[in-house]
Structure formats: C-alpha cells, structure tokens
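Chain by chain, the residues:
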Amino acid sequence: MADAIRIENLQKKFRIGFIPKPREILKGISLSVREGETFGYLGPNGAGKTTTIKCLLGLIRPDAGTIEILGRPHVQPRSREALGFLPENPYFYDYLTAREFLSFTADLFRIGRAEKARRIDRLLGLVGLERAADLPLRKYSRGMLQRAGLAQALINDPKLVVLDEPLGGMDPLGRKEIRDIIVRFKDEGKTVFFTSHILQDIEMICDRVAIIVGGRIVKEGGLRDLVSEKVLFTEVTVSGMPPQTFAGLGESVSAQGDRVLLKIYDEALVDQVVRLIHERKGRLIALSPRTETLEDIFVDTVTRT
Amino acid sequence: MKIGAIAGITFKEAKRDRILYLLFFFAALGIVASRVLAILTVGDRVKIIKDVGLASISLFGVLMAILIGTGLVYKEIDKKTIYTLLAKPLYRAEFILGKFLGLVLTLFVMTGAMTLIFLAIVYAHTLKIEGSLLVAVAYIFLELVLVTAVAILFSSFSTPILSSLFALAFYLIGHLSWGLELILKKMRPGAGKALVRGLDMILPDLENFNFKTEVVHGLPIPPGIYLSSFLYGVCYTAFILGLAVLIFRRRDFI
Amino acid sequence: MLKSAAAKKGSATVLLVLFLLAASSAIVLLKAATDKVVRTKIPGSSIIYIPSGKFLKFATFGYRDLAADAIYIWAIQYYTTPTIDDRFDHLDHVFAIINELDPRFQDPYEVGAMIAVDGAQEVLTDTRDLSRGRGRLEYARSLIQAAFAILDRGAANNPDQWVYPFNAGHIALMTLKDYPLAEKYFEQCMKIPGAPEFVERLRANAIYKKGDLKTSWETWLDIFKRAPDERTKKIASNHLYNVKATIDRAALEEAASKYREGHGRLPPDLEALVRAGFLREVPKDLDGKDYFYDPATGKVRTAISPWRR
Chain A
74 MADAIRIENL QKKFRIGFIP KPREILKGIS LSVREGETFG YLGPNGAGKT TTIKCLLGLI
134 RPDAGTIEIL GRPHVQPRSR EALGFLPENP YFYDYLTARE FLSFTADLFR IGRAEKARRI
194 DRLLGLVGLE RAADLPLRKY SRGMLQRAGL AQALINDPKL VVLDEPLGGM DPLGRKEIRD
254 IIVRFKDEGK TVFFTSHILQ DIEMICDRVA IIVGGRIVKE GGLRDLVSEK VLFTEVTVSG
314 MPPQTFAGLG ESVSAQGDRV LLKIYDEALV DQVVRLIHER KGRLIALSPR TETLEDIFVD
374 TVTRT
Chain B
3 MKIGAIAGIT FKEAKRDRIL YLLFFFAALG IVASRVLAIL TVGDRVKIIK DVGLASISLF
63 GVLMAILIGT GLVYKEIDKK TIYTLLAKPL YRAEFILGKF LGLVLTLFVM TGAMTLIFLA
123 IVYAHTLKIE GSLLVAVAYI FLELVLVTAV AILFSSFSTP ILSSLFALAF YLIGHLSWGL
183 ELILKKMRPG AGKALVRGLD MILPDLENFN FKTEVVHGLP IPPGIYLSSF LYGVCYTAFI
243 LGLAVLIFRR RDFI
Chain C
387 MLKSAAAKKG SATVLLVLFL LAASSAIVLL KAATDKVVRT KIPGSSIIYI PSGKFLKFAT
447 FGYRDLAADA IYIWAIQYYT TPTIDDRFDH LDHVFAIINE LDPRFQDPYE VGAMIAVDGA
507 QEVLTDTRDL SRGRGRLEYA RSLIQAAFAI LDRGAANNPD QWVYPFNAGH IALMTLKDYP
567 LAEKYFEQCM KIPGAPEFVE RLRANAIYKK GDLKTSWETW LDIFKRAPDE RTKKIASNHL
627 YNVKATIDRA ALEEAASKYR EGHGRLPPDL EALVRAGFLR EVPKDLDGKD YFYDPATGKV
687 RTAISPWRR
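Chains as they are written, first to last, in my numbering: chain A, 74 to 378; chain B, 3 to 256; chain C, 387 to 695.
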C-alpha cells in the first residue's frame, strides 16, 4: 500500500518579535500515513500539530525536510487535487451562501457544471444543510459552519481528507454525526488524517496515531499496538457488606451508605472477592476491568517528555 | 478557469463595499458640480466641465482602486479565509491574478458608470460627444489598472493603512516626474545627475496616461504616443504583479 | 523526484526573477520612447480656473505658505518656458494668488514685476505675435500695468519695504517714461525709513523730466543744502546748473524766436535781445559763465556740460 502522506525530517523555525528570535516549532518530524488509514495526530497545545498540517498544505514553507502527498511533492499544486481540508475554525466568505461557496470551490477543481450541481446537492444532504443552503454563511451557527466546511472539503471527492480538530465545539449529537462520516470515509477507502483533543473519539475510529510533543514525534504506531489490552485494575461495586471485609484483597475507594467501591489490582484476587461476596450474601452491583486507555498513554507520554 | 473563479468572487465582494458607492456618489457630485463651477469661471465654460469631469473620474477612480485594493489580500489573510483557498490545487500566482482581475472588473464597471454621467453632461452642453474624451477616459482606466496592481502588491504584505499610504505615494510620485525632469535640466553633470536620471527612468511616469490637458484644450495628441503609452502601462502593471507574486509566494500563513 | 520538485520550485522563482528583469527593461525602453514624443505641455493650466487667492486661502487648510511656495516655483518654470505663447495672459492673476496666500513672501513681487516688464519687451520685439491678434502695444501696456499692480500689492502688504515703490518708479521712469508717475513712486519710496538717499535724486530728476523746472530747482537746492558728503553736493550742484541752464535756454530761445517774428531774422547775439526789449538782461550760467549762442540756428547751449564741472 502506498503512502498517502509521507513526511521526512520536517523542520520549521519561526522568527518572532521585533528583534527576531528564532523559535523552533518543528524539530524534525517524520511520519507516514498509508492509504486507506485513519490516522490520529495528537499532542498538547502548542506542540506543532497545526504547523505540521500547514506545512503539509503549503501554507507554510518548511526550513528543511520533504513532504509527499499521494506520491507527489507537496510544493506542486497538483498534489492537492485529491486532497480535502477542513481547518480548525472554519472561516469562509460570509457574504456567499453555502451553495455559492460550494460552487466556487468546485470551480477551483474545474468540475463541470452538471457534475458540480449533482455533487453540491449530495454534499448538502450529507452534512444536513439542505434547508440552509441559500442563506448567507454569516448567518450560520458554529456547527453549521463546521458542516459547510466539511462539505467544501469533500467537493472534489478526495482520496485524502485532512481535518484539524473536526470534533471541537460540537454538541455530542454533532460529534457522533462527524464520527460516523469519518467512519464512512474509511469504508469508501479514503485516507483520513486528523488532529483532535478528544481522545475517546480517536480511540474509537483511528487505525494509527502519532503523538507530537515539543515539535517531535514521541510515539507512533497502530492503536492496538500502543494501547495494550492489559488490565490495570478491576472496579467492583458491592452492597450489603462492610468495607473491612475486603481488607488485603483490594483498595476501598469509596463507601457511600450501603455501597462500597473496590479497586482490585491483582487479577487473581478478583475471583476471591467474588466468592467472598457470594458467601456472605452480599450484592454484586458492578464489575468492570479497566484497561489502559489512550488517555493514559497520552498523559504518561506528555508528562514524561 | 481558476483565475476567473477567484476574479468572480472578488468582484462580488468588492461590489458590496460601501466605500465604492460613497466615492461614486462624490464623483457624480463632482461631475455635476462642474456645471456650477462653469458659471463662476472666466472663459470657456465647456473646458471647465471637461476638466473637472475627467479629474473627478481620475481622482475617485484612484481612490477606489487604492481603498479597495489594499484590503483585498489583507482581508483574506486576516479573516483566515485564505487557508481553505490555498489548500486547493492553486498556484499562489493564480490567487493574486484572480484578485487583480476581480478588482479591475469592478473598476471597469464603476469607471463606465462615471463616464456615462460625464458624457451626458458634456452632451447636454455641447450636443456632441468627442472621441477624444473616450480616449482620455480609456487611458485614465489604464492608469487605474496600474494603481490597482500597486495596491494589491502592498496588500500582499502590509496592513491596509500602510498599503494605502504607499500606493498613494506611488500615485503622487508618478505625477511629479516633470519635477525630476526640471531638476535634471538644472543639474550639473556628475554622479548626482546620473542618479537622478536613473530614478527618472525607473520611477513611474503616470503622466504618460494623462491626456486630459490635450483633450480639454482641443490640442492634437501625437499618434506615436498611443502605442508606447499603452505598452508602458501594460509592462509596468506586469512588473508590479510579478513582484507581488514573488513576494506572496514566500509568505508563511501562520 | 523530491529533488526535482525542489528544483522546479527554485526554477519557478528564477523564471519569475527573469520575467521581472525583462519587464523592467521593457519599462525603461518604453518610457524613453514615450518621452521622445513631443507633447504640448501646459503644466497646470487649470490653475486659471481657481477664482481667487481668497478662496484658495481656505482651501489649502493652513498650508498657505507651502502652497504659495509651490505655486511660485511652478510659476517660475512656467514663465521661463519660451514655447508657451499665451503664458502672459493671466500673469497678474497668478501672482495675485501667490501674494494673497503669502503676503510677506517678498520674491514674487519683484520677480513677478520683472517677468511682466521683460514680457512686455518680448511682446514688442518677438517675431511671433505674442499678443495673438490683440495688438502688440495694447498687450505690452497691459503687462506693464500688471507689473504696477504687483508692485502696488507688494507695497501695500509690506509698507516697510522701500524696494517696491522704488522698482515701480524705476519702471515708470525708464520704460514708460511717465515722469509724473515716477515722481509719485519715488516720493512714496522716500517716505519709507531706510530708503537710500539717491532716491531723492531720482525724484528730483523725474520732476525735471516732467518739465516742472521750478520744483525741480527747489528740490535740487534742498538736496544740495542737505548733502551729507561732497559727492552728493557735487551731483546736486550739477543738477542745479542743468536746471538753470534749461530754464535760461528756454527763455533765451523763446526770446530769439519772438525776435525773429518781429524783426524777420534771428538776433546776431544775446545782447541784441536785451536791446530789443525781449529780455531784461542776459542770464549767466550757475558758474557765472556765458552761454554760447549760435546766430545761424538760434540755439543756445551751455559753455560746459553739466556733468563735466
């Protein structure tokens, strides 16, 4: 499988201030995204996520390194023929309607008139903006702008979709819709590269992730590889038994009224606890093994760097 | 055509700018007021109508070009609409040229409207329309095109206020080239004179597009000047746009 | 492939730079070509449409002096461009604007008057008809009037400057040969403190030329008495000699012609006039010397030139 994106040793310094003091933002980023993958790009604020994307799109010139998009050097405008981009806070020409804006965007890809009309109708339906299609964009809410942005990113039926914080600022229903759309991309064989802070969503849909901290990739790999299925501890909720009963078996996290919440680190002891509850005629309310989540990895990685 | 698409939305955006209509209003006022001024003058009344009319079209046209042009690129960068735009398969040169053509189209429409009012007033006074007036307006428009290119050049790297000042300075320098010639005549030969001569060659000579004096006084325009003036305007505009593209290509959009 | 992409991007920049160089050379060439074309340049002829300096005063938003300077500099170039045939048409108007804007700007008054006088000369002598059909003499006269108008303005706005009435008197004396007018200006000039003392003499001279010999005699006598140095005294004395000689000559020649009317021929000598009763006595010049009389022509002249004494 070819690489949809290949970045090698990307470096970028910014000169800030009146007496320019160079600040290194990207200190040699290398990553690759295979075609058909859904790739998550994570990092704390200011790590260089957006800068990487801007270098990718040609908005910023890298100081060093190479970037290839779908096999073409990123400096060529042709490399973006099959690319769709949704920026973090979408800003569009607020005096145009969604339809006019999509029409203009289609013109930039030289899409013929009939095909253009078809695609616009389909996309407006996909993102749920059919009714607002002829309102000027300045009347749109944040969520509606996000949808319009998604539509313009898909106008050219791209093979690679780049999204910068696509789920930010949306209500849970909206987030679900976007998530579903991204999963649909995967089914359609599209490659998706996106950044997000919402790690649960990344965990749900990504195949691979990379974590960037301080301008460097500190972790990269398949999600299943990074996040082990190891059980960290098991949470057991019991009622009708005093906490002291479990001394030595597990940690009593809280005791509220009748209920006791236990944290059992040793897997072997879990069976013992269950048998104990059964013997003493207690009630087992809940039992949930807690595996390592992406958030754990993330926090761990960032604090360690 | 991608440049055409960008020109189209630029035109749409420019024609919403209220400054355009404000300036148009003052231009129309100026042209109509020339009738009043004609009463206060000594001598040929039609001359003052033609002179004030052409001057209005020229002055307000330049103001339109500068005030709108200097905001064109800056607004896109400031409002961040440029991110989605440049993420498309677009050469940066196409962006600049599209913006330029969009504004030129806008100015064409406005100049046309002002010219119609002007010709109507002249017709009301003289019952004929001279071709030379149209020639003068055509070359005023060429001057506007060049000023537009300059406004866009500055807009690609500077704020609207500074850009406006620079563009205005360009315009003033362009009309004071006769001063340089005078200084040249009175200077003694030497390094200083060579320097001034060099400046005279490269600084814009906007008087090349100014046929107002000939047209108003009914003097003949030497035919050789039409072509060389036109080509001068085209080449200078091309140069400025080339410079704008060169600068714009190197910009980082943080 | 990556290397070639970088090369392509670099080559695009190179192409762009080459394009800019080509365009700039085209610009320089075209400008040279356009400059060669001769256009009738009438720089700033629309200034004539401005009604008056008073209006302009308000329109220049407080930069009056600067506007005056600018217009003055323009005017100098304008009036020293000999190819502009009709440049003298609105001379007073132009300088009036400059004077109104900055009444204390001294140069324009003098220079304006000088341009006017020179212009009048040119109008009379140039092969082209600069009056364009209005009549050379009329036109030249109007320019001289313009010169006076400018200088009068200068005097009115700057009562402490003696040069303006002096210049005006000088023009009246030398160019117009209007002696009463010259006398008036020199008198005005004398009254201004700081006026040079030779202005008195110019005034006296003007009175003499005017023909008012009595006042001329009194004026020169006054100068003679007040003379601060030997030189002035000598000059005054010469003038006095001249005035007396003129008076005497006129009287003698008139008597001689009356004698001829009565006797049919000119008198043989000056005593004959006394004998015939036309004169009481034969006057002597200021030095006490006789006047020469030519019986053939009836003309009288002085023994010595007044300036050789």
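If you're looking for bench data, these hints aren't it; they were derived computationally from the structure. Check the hints yourself; a few may be wrong.
[Stated by the list, open to error] BS3-like cross-link-like pairs, simulated, lysine-lysine; straight-line CA separation at most 30 Å:
id: 1; chain 1: A; residue 1: K249; chain 2: B; residue 2: K130
id: 2; chain 1: B; residue 1: K4; chain 2: A; residue 2: K189
id: 3; chain 1: C; residue 1: K577; chain 2: C; residue 2: K675
id: 4; chain 1: A; residue 1: K189; chain 2: B; residue 2: K195
id: 5; chain 1: B; residue 1: K188; chain 2: A; residue 2: K189
id: 6; chain 1: A; residue 1: K100; chain 2: B; residue 2: K81
id: 7; chain 1: A; residue 1: K232; chain 2: B; residue 2: K4
id: 8; chain 1: A; residue 1: K94; chain 2: B; residue 2: K77
id: 9; chain 1: C; residue 1: K620; chain 2: C; residue 2: K644
id: 10; chain 1: B; residue 1: K188; chain 2: C; residue 2: K611
id: 11; chain 1: C; residue 1: K620; chain 2: C; residue 2: K670
id: 12; chain 1: C; residue 1: K630; chain 2: C; residue 2: K620
id: 13; chain 1: C; residue 1: K563; chain 2: C; residue 2: K611
id: 14; chain 1: A; residue 1: K212; chain 2: B; residue 2: K130
id: 15; chain 1: C; residue 1: K670; chain 2: C; residue 2: K577
id: 16; chain 1: B; residue 1: K81; chain 2: B; residue 2: K187
id: 17; chain 1: B; residue 1: K14; chain 2: B; residue 2: K81
id: 18; chain 1: C; residue 1: K630; chain 2: C; residue 2: K596
id: 19; chain 1: C; residue 1: K563; chain 2: C; residue 2: K630
id: 20; chain 1: C; residue 1: K422; chain 2: B; residue 2: K49
id: 21; chain 1: B; residue 1: K77; chain 2: A; residue 2: K212
id: 22; chain 1: B; residue 1: K81; chain 2: A; residue 2: K94
id: 23; chain 1: A; residue 1: K212; chain 2: B; residue 2: K4
id: 24; chain 1: C; residue 1: K422; chain 2: B; residue 2: K195
id: 25; chain 1: B; residue 1: K77; chain 2: B; residue 2: K130
id: 26; chain 1: B; residue 1: K82; chain 2: A; residue 2: K94
id: 27; chain 1: B; residue 1: K187; chain 2: C; residue 2: K630
id: 28; chain 1: B; residue 1: K17; chain 2: A; residue 2: K189
id: 29; chain 1: C; residue 1: K619; chain 2: C; residue 2: K644
id: 30; chain 1: C; residue 1: K619; chain 2: C; residue 2: K600
id: 31; chain 1: B; residue 1: K82; chain 2: A; residue 2: K86
[Claimed, not checked] To give a feel for the contact side, a few chain B residues facing chain C, derived at Cβ under 8 Å:
id: 32; residue: Y23
id: 33; residue: F26
id: 34; residue: V247
id: 35; residue: I249
id: 36; residue: F250
For every residue, glycine included, the Cβ atom is placed at its ideal position computed from N, Cα and C.
| Going through the earlier hints one by one, which of them does the structure break, listed in rising order? | Per hint list: 1, 3, 4, 5, 9, 10, 14, 15, 16, 25, 27, 29, 32, 33, 35 and 36 violated.
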